[in-house]
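Asker: Using the sequences and the hints, build the whole thing.
So the sequence shown is residues 6 to 286, counted in our numbering.
Heads up, none of these hints are tricks.
Pairwise CB distance ranges, derived in the manner of DEER restraints: (1) P140 <-> T94: 36 to 44 Å; (2) Q261 <-> P218: 37 to 45 Å; (3) G283 <-> P140: 40 to 48 Å; (4) L114 <-> G283: 34 to 42 Å; (5) G90 <-> A277: 15 to 23 Å; (6) R223 <-> P168: 26 to 34 Å; (7) D265 <-> A219: 44 to 52 Å; (8) A137 <-> T41: 32 to 40 Å.
What the hints contain is simulated information worked out from the structure, not anything from laboratory work.
Quick reminder that beta carbons are idealized off the backbone N, C-alpha and C, glycines included.
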Amino acid sequence: MVEPTLAQVRALIDELWPEAYAEAWDSVGLTAGDPTERVTSVLLAVDPVDDVIAEAEETGADVLLTHHPLLLRGITSVASDTLKGGQLTRLVRAGIAHIAAHTNADSQLGGVSDALIDALEVPVEGPLVQTAGAPDGVGIGRWGDRAPTTVRALAQTLAEVLPATVTGVRIAGDPDAEVRRIAVCGGAGDGLFDSVREVGADVYVTSDLRHHPATEARDTAHRGAGLPHLIDISHWAAESLWLDRAAELLGTVAAQRGWDLSVRVSTRRTDAWTLRIGQED
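Answerer: Written out as structure tokens, the structure is:
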């Protein structure tokens, strides 16, 4: 067994979740780290937040591979007394590299949205939006048909398979409506309603549904067949389903190449919300 370099690990990650599949606005790939350094341990997480960086330090990880980028929006300073500068400084001092696989992991076959729709036992027909220049099937979101069920039953399944969060699972529409065609988008997907309607989805599962897009989507539904119904789930919980399959795939291919590489999934909960005060109708 040999210890790969960071450059080799990054190249493997790019093979599994090609950076070319990322959206043009995204920031993926290597954020920090020396490509010549040897790597023995990778920690996977959804978010590169302070608590996850601390876990990487505590567990001796050489690479922190997160779904969300550390540097998505432009910054003008990496001073250690700023949020992003402080996080980068901490990673560099600890000798921990950072790599992001964001919309490239969303788009890739077997990626984030596949993990979500697979949890609902829905055979995939295709993406909601095909990625330009990528093989057929690679793109944002997924949709497919399954045996008839209700919106309520689908939401209950999500409540059972997703990590528990205080915000839970929310429905907009008729909970008892029968549905067959399911569309999903791991992460924030309220910009895809046109695509959801184009594939004729009965129900759309996504995260971070804002008031205006959700109410406009339901009003648009009222003018047609009442579709799609909406199910809103935690952003972190939805995307965390991908981590185990990603870790298994990365670890398996690394072993096939004779690498001495430990791959593990973060145990830290990075959903932002810590308490919900219920209100009776």
